[in-house]
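Below are the chains, spelled out letter by letter.
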Amino acid sequence: MRTVPAANIAAVGVAAPTLRLAAADVAAAWGRAGGRGQCAVCAHDEDTLTLAWEAADTAVAAAGLTTDAVDGLWWGTSRPPFAEGPSHAHLAAALGLPAGVSGALTAGSAHAGMEALLGAWDAVAAGTASAALVVVSDAVLPGTGTSMEVAAGAAAGAVVLTTADGPATLTARSTHSRPVLDRYRGDGEDETRDSYDARLFREQVFLPALAEVGAKLPGADGQRWSLPDPDGRLGRAAARVLGTAAPASAAARAELGDTGAAAALVGGAAALAEPGPLTLVGMGGGRTTGVVVEVSAPVPGADAVGARLERGRAAPYAEVLRARRRLVPAGEQVEMAVPPGSAMFVRGGPEVLGLLGGRCVACGTLNVPPSIHPTCVACGADKFDLVPLARRGRVHTFVVNHAMPAPFEAPLPLAVLDLDDGGRVMLQVVGTGAELAVGTPVELVLRRYAVERGVPVYGWKARAVDGEGTG
Amino acid sequence: MAWNRVAVVGAGLIPFGELFDQGYEQMAAGAFRAAVGSVDHGFDPALVDAAFVATQRGTLWGQEGIGGNTVPTAIGLAGVACTRIENACPSGSDAFRVGCMAVASGVHDVVLVIGVEKMRDKSSEEGLLARAAGGHPVYTRGESAPVLFAPFATRHMHEFGTTREMLAAVAVKNHHNGTLDPYAHFRNEVTVDDVLAAPPVCHPLGLLDCCPQTDGAAAVLLVSADRAQDFTDRPVYVAGFGTATDHPYLHEKADFVGLPATTLAAGRAYEMAGVGPAELDMAEVHDCFTITEILDVEDLGFCDKGKGGVLALEGETAIDGRLPVNPSGGLLAKGHPIGATGVAQLTECWWQLREQAEDRQVALRHGFALQHNVGGRGSGVAVVNVLTTNR
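Order-wise, the sequence lines are chains A and B. Going by this note's numbering, the first residue of the first sequence is number 1, and it counts up by one from there. Going by this note's numbering, the first residue of the second sequence is number 472, and it counts up by one from there.
Derived from the structure by calculation, the hints contain no laboratory data. There is no bait here: all hints are sound.
Heads up, simulated DMTMM-like pairs for lysine to aspartate or glutamate below, C-alpha to C-alpha not over 25 Å straight-line:
(1) K383/A / E723/B
(2) K778/B / D664/B
(3) K593/B / E332/A
(4) K593/B / E452/A
(5) K776/B / E750/B
(6) K778/B / E742/B
(7) K776/B / E636/B
(8) K776/B / D418/A
(9) K593/B / E335/A
(10) K593/B / E496/B
(11) K593/B / E409/A
So that you can see chain A by itself, here it is in the shape it has in the complex (with noise of 0.2 Å):
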């Protein structure tokens, strides 16, 4: 077998969405006995760049990196934000990545995920990259009223790749191929079909799939691995043909479902923290793909994952089908004076998604957003520097919108936030608004302000950094 370049994990990071599908309330709303078990579901703001977004942001955090330093981001979901469009660069701006960032959008299927993984990591190898961000999400669409409705989770998962000598190193890969149709979506559909024999498919296609992988991966001592688990059942079976404990993604897996394109990242996390081998197992699209990593020390950030993950709130069917824009309002929705595509967009998309302010040359004032102010608020100059806003601030006044037309939901709280580095913002805030008072400490999160003329637009929001969990 051939060798490859090893590449270092520098840090780790994984979100998890706000709200909790029980199976119960499921089963009950379409009268069915029982339901065990609950899954994540992305609130109406939130999506897989909005978590992708966060589980980076987490882990070039807890690399210790400033995010200039990163040139390469490689992101993996099967549900990219546009289909078509600007998604790996709409990350790449809300993050703070350099322009001239490289890498790619890894789609097409839940393998995507391990295909991003694989992709920074040839590059480190190669040396065009030398801190690859990978990040994998997703955020799976279930149909209505099928098996695959409490299965189907969301999350994201981080890891910083680099050259330099890291806790835990990437040793092994294999990648097994077979024209399979397991889980499935056609162009222009919605939601993702619930359309394999589950017994069929864990039987003569996934465990098969992960005996060949297995077989070819040196180093993996099938103690502690990773894998996605469409059914709830498979991390079991698998198990039992190892003859070893559950999977180390179990955790994970009760809490947020199976999380498709992140599920082998975000279930083996928490598993960084401890030294000895880990072997993360991604499949989708009739591709299964093993790697091994070598921990040898505590992974920054891996500490932080479980309670990351199980930060979120039971919510009632009624609002994950509204979150899922299944349950919508009749009547017209209130468009956007201005359509995402116009030139105001152009001009001022990377300072909305960057959340960057002008920095007065002369007196410091910081002007918000720069693109409207060509002239200081304060001191009337007209010499900038282009900063991005800290991320962290105090509720100098707030307001919680109740009347309101689609597609805003009421109650609805925004806040004039004090920033640390003293900019100014006035945004919306995440959850009911009940916890916020003058002087809450906030944090600002990227999320999908409103899905416009069929276009997802993001903007920051605040969130109560005293009521995390409470989303």
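Got chain A sorted already, so can you dock chain B onto it with the hints?
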């Protein structure tokens, strides 16, 4: 100051409300007829040689992009010089200010200032309570009109201990005044408990903290002071006016306890008129929300900053109080048909100074009345006009 003095010789409005049976043109014609009919010695409409039309929200009735030229034909003055003034909520008061300048400069002799606004051809859901208030497509998303004022309530409460009961006292007072005004949209009393129990619109503001969505029109007739006696033996004069701007986005505000545009505009108007708050017998101020009146009375100098919350609570701004504020019922009860609002406030001032305000007549001591609007994104524009009985 070298300007020809201006007199208001006629003023009138149509009863405000949800005027489903009247279109924009009918409302304009009704207001013009009311103004013409109010001129003591009679008025030939053909004397009007320029008109200034205030209409802010053409978008609410599908007339965006229409200049002032809808109105002359509607009121029988086709051919007259006519300009539309759009300056957010102060559109009506600014049209008055511009009309005054047209007369004061000597360019025009007889000027019509008419404000017309059709708000209720659209539902509440499509009105200003619910719709986005414009501005940046992302940064201002979710901002309806109440969002532009409610942050000031939150902060005023935080810094000065202002309470919801103090806000409610403004609504109670203005609704009471509205019961005395036959032109008011709402003519019912409300209690503090009613206000506190009303559904939330934009925390900390509830439904009764907000003005309604109202149709209306109002008109005034301006002439040079030298010609006033041709029309009336009881003219009201323009003592002064001022307007000012402030940053348009909320996050740019220096603080959230006052509206600087109001203070600047008032200072300019007071200086021009040569009077201050102590000489005012009454004021019609912009109470689009209860908190706005509290900010106004502070920013206009009626009381110290932070003390506005107690004025209504202690009756100081009631019709029989130290300085009556919004005897017409204000925007909260009379209504806020945006372009018409300022012109209707001036009509109330005109009636009060001529002692024609019937049950809501205030005591005249100095013969000065103040009218004020503030609005636009971030309350970035304010206009103050001062009228007087003194030549």
